[in-house]
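Asker: Here the protein sequences line up with chains A and B, keeping their order. Position 18, counted from 1, in the first sequence is what the UniProt record's numbering calls 18; the numbers after and before it change by one each time, with no gaps. Position 119, counted from 1, in the second sequence is what the UniProt record's numbering calls 119; the numbers after and before it change by one each time, with no gaps.
Please keep in mind that the hints were generated in silico from the structure rather than gathered at the bench. No experiment lies behind these values; they were computed from the predicted model shown. Be aware that a few hints might be false.
As the list claims (entries may be wrong) - Stretch by stretch, here's where chain A covers chain B in the computed footprint (C-beta under 8 Å, at least three residues):
hint	region
1	368 to 382
2	407 to 420
Said to hold, decoys possible - Taking lysine to any residue pairs in the SDA-like style, the calculated list, with each CA pair at most 20 Å apart, reads:
hint	chain 1	residue 1	chain 2	residue 2
3	B	K374	A	K76
4	B	K412	A	E72
5	A	K76	B	K282
6	B	K374	A	T57
7	B	K421	B	L403
8	B	K282	B	D479
9	A	K76	B	E95
10	B	K421	A	K76
11	B	K374	A	L54
Backbone N, C-alpha and C fix where the C-beta goes; we use that ideal spot for every residue, glycine too.
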Amino acid sequence: MNISDEQLAQLAVLARLDCASDMSLRDDVDRILHFVEQLQSVDTSQTAPLLNPLEMTQRLRPDVVTEPDDRERYQKCAPLTEAGLFLVPRVVE
Amino acid sequence: MFPDTIQSALKGLRNGEFSIKELVTEFATRARDAQPELNAYITIATEDQLEQQTTYARDLALKDAPLDLAGIPLAIKDLFCTELMPTTCGSKMLENYVSPFESTASSRLLQTGAVFLGKTNMDEFAMGSSNENSFFGPVRNPWHKEHVPGGSSGGSAAAVAAGLCLGALGTDTGGSIRQPAAYCGITGLKPTYGRTSRYGMVAYASSLDQAGPMTRTAYDAALMLTAIAGPDDRDSTSSAEPVADYLKDINKPLQGLRVGLPKEYFEALGEGPVLNAIMEAKKALEQQGVTFVDVSLPHSNLALSAYYIIAPAEASTNLSRFDGVRFGHRCNSARDLADLYARSRSEGFGAEVQRRILIGTFALSAGYQDAFYKQAQRVRRLVKNDFIDALDQVDLLLAPVTLGAAFRLGEKTDDPVSMYKEDLFTIPVSLAGLPAISVPCGTADASGTSLPLGMQLIGNYFDEARLLNVAHQWQQLTDWHSRTPPSSAREMK
Numbered sequence: 001m002n003i004s005d006e007q008l009a010q011l012a013v014l015a016r017l018d019c020a021s022d023m024s025l026r027d028d029v030d031r032i033l034h035f036v037e038q039l040q041s042v043d044t045s046q047t048a049p050l051l052n053p054l055e056m057t058q059r060l061r062p063d064v065v066t067e068p069d070d071r072e073r074y075q076k077c078a079p080l081t082e083a084g085l086f087l088v089p090r091v092v093e
Numbered sequence: 001m002f003p004d005t006i007q008s009a010l011k012g013l014r015n016g017e018f019s020i021k022e023l024v025t026e027f028a029t030r031a032r033d034a035q036p037e038l039n040a041y042i043t044i045a046t047e048d049q050l051e052q053q054t055t056y057a058r059d060l061a062l063k064d065a066p067l068d069l070a071g072i073p074l075a076i077k078d079l080f081c082t083e084l085m086p087t088t089c090g091s092k093m094l095e096n097y098v099s100p101f102e103s104t105a106s107s108r109l110l111q112t113g114a115v116f117l118g119k120t121n122m123d124e125f126a127m128g129s130s131n132e133n134s135f136f137g138p139v140r141n142p143w144h145k146e147h148v149p150g151g152s153s154g155g156s157a158a159a160v161a162a163g164l165c166l167g168a169l170g171t172d173t174g175g176s177i178r179q180p181a182a183y184c185g186i187t188g189l190k191p192t193y194g195r196t197s198r199y200g201m202v203a204y205a206s207s208l209d210q211a212g213p214m215t216r217t218a219y220d221a222a223l224m225l226t227a228i229a230g231p232d233d234r235d236s237t238s239s240a241e242p243v244a245d246y247l248k249d250i251n252k253p254l255q256g257l258r259v260g261l262p263k264e265y266f267e268a269l270g271e272g273p274v275l276n277a278i279m280e281a282k283k284a285l286e287q288q289g290v291t292f293v294d295v296s297l298p299h300s301n302l303a304l305s306a307y308y309i310i311a312p313a314e315a316s317t318n319l320s321r322f323d324g325v326r327f328g329h330r331c332n333s334a335r336d337l338a339d340l341y342a343r344s345r346s347e348g349f350g351a352e353v354q355r356r357i358l359i360g361t362f363a364l365s366a367g368y369q370d371a372f373y374k375q376a377q378r379v380r381r382l383v384k385n386d387f388i389d390a391l392d393q394v395d396l397l398l399a400p401v402t403l404g405a406a407f408r409l410g411e412k413t414d415d416p417v418s419m420y421k422e423d424l425f426t427i428p429v430s431l432a433g434l435p436a437i438s439v440p441c442g443t444a445d446a447s448g449t450s451l452p453l454g455m456q457l458i459g460n461y462f463d464e465a466r467l468l469n470v471a472h473q474w475q476q477l478t479d480w481h482s483r484t485p486p487s488s489a490r491e492m493k
């Protein structure tokens, strides 16, 4: 399948990327989608999807606090913080 | 004269032939000296960081635990979070990131007294097969500077091959340990999915990612795997399966072993130096009493397509955490929140990463999820079932790792799909979650020199001990693994 300009723009919005104007990217995406198209020809009506290669199920643990609050340390790698808060552009006018 | 294996270095340290400090200084010097030529590292430890680690290793060595790696200079793929040095994952996105926590794999190595010389170069977010997708520039293959080292663990492979460390930690999602190991003439083991903890590894495709050792010999791989394997409370996908003793049976004779040759792999491989090398290996192993039978993996031709849906789908989800807010690159003067996200991400991620995020977003989007993502997961089961059937008949499989020797820089950068085909023989194993080891088995002529080739041994779930046994025995019969490239540090001295 080929992807239209509108579809690429929509994918970029969903993926939160600013790349829709990159034409070579669309060609690449087309090429990759052509390549994976062969999957459509396989009859898998009797086959269940495999999510985890060992088919493990989610392990549960007791509902107890294990990690201490360490905000200062974890915020050290943030680009912009103030008074223990992450800063973002104004959301509510 | 310094040794080039972990095994011999441990012996040298025990016998007092050199001190931990001398050993570490030697390898750190080599790593720094080779940097302009090979670019194998992204970060090399400072003198202070080396001193701090050396002191700790020396104290541990005094306790004389039989399996510890006290004083062994290792390199860590720059995808493992480390507190001592930055963790970039080969990306501008994480150019200045210093992790507030340590990955389980690196932490377990530190507990055995290993000394980290630095963090190795890699394809950005482990997406690539040539190490050309690194924000920090490509790694050169030590056997020929115009050739790629493979990827994504290209820096780790080049560092081991060139003698810039005694062993390295790599990760393998679709072949990222095995393919560079083959291209650089070293040993690389991808463990069973769940054998090693993924905690603190920057996530690419969570149902596929595994950490593993990259070393000169299978014996060294066994030493490193012993240190890192085992369950971890911090990774719910790590397996509770008991860890085998990887050294106990490493010298076991191969007499009576049954090995399968997947016929679809050899059809796809065709005539050439890889086939010749593997047939030579088959002959040598037959003389040790190994019998070979043809087996079939009928769905292996679909594995690549399934992988290039599943891995990008998981990547698009995993990489959504990079938002310019909590860590990583942030764009300047964002208009609003949506602009902050989109521009931070597109400025921080390279082209291949954005391609895969878009493909993954597509495969998970409404209207396409069943036809692409679910279908790929169904095909994944078919691929896995093939291996289960084949491994019912034999103890392990022998297969190629790559179609040929390392290709030239720039040869495959124009077409992403041609690069994806690099992992033809490694991806099916990854989808099935099986363990596999790549070991040197010959050379091919290219660019006026000889470049190394590898072969792949594929085992049953949690059968790493057998893979290491066969690989080790193979290395007792041949010397491919002990050959060193022209630009190795040892040769330059």
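Asker: All hints, please: hold or fail.
Answerer: Hints, one by one, checked against the model:
1. Check on the region 368 to 382 of chain B: 11 of its residues sit with their Cβ under 8 Å from a Cβ of chain A, so the three-residue criterion for coverage holds.
2. Beta-carbon proximity to chain A at under 8 Å applies to 4 residues in the region 407 to 420 of chain B; the threshold of 3 is reached and the given coverage holds.
3. Simply put, K374 of chain B and K76 of chain A have alpha-carbon atoms about 40 Å apart, too far for the 20 Å limit, and the pair is violated.
4. Taken as a hint, the K412 of chain B and E72 of chain A pair is broken in the structure, with Cα atoms around 45 Å apart against an allowance of 20 Å.
5. The straight-line distance between the Cα atoms of K76 of chain A and K282 of chain B is roughly 55 Å, outside the 20 Å bound, and the hint therefore fails.
6. The straight-line distance between the Cα atoms of K374 of chain B and T57 of chain A is roughly 18 Å, inside the 20 Å bound, and the hint therefore holds.
7. This hinted pair checks out: K421 of chain B and L403 of chain B have alpha carbons roughly 9 Å apart, not beyond 20 Å.
8. Using a Cα cut-off of 20 Å, the hinted pair K282 of chain B and D479 of chain B holds, with the two alpha carbons roughly 16 Å apart.
9. Between K76 of chain A and E95 of chain B the CA atoms are separated by roughly 15 Å; this keeps the pair inside 20 Å, and the hint holds.
10. Restraint check: the Cα-Cα separation between K421 of chain B and K76 of chain A comes to about 41 Å, which exceeds 20 Å; the hinted pair is violated.
11. For the hint pairing K374 of chain B with L54 of chain A, the CA-to-CA distance comes to about 17 Å; that is within 20 Å, so the pair holds.
Comparing the model with each numbered hint stated earlier shows that hints 3, 4, 5 and 10 do not hold.
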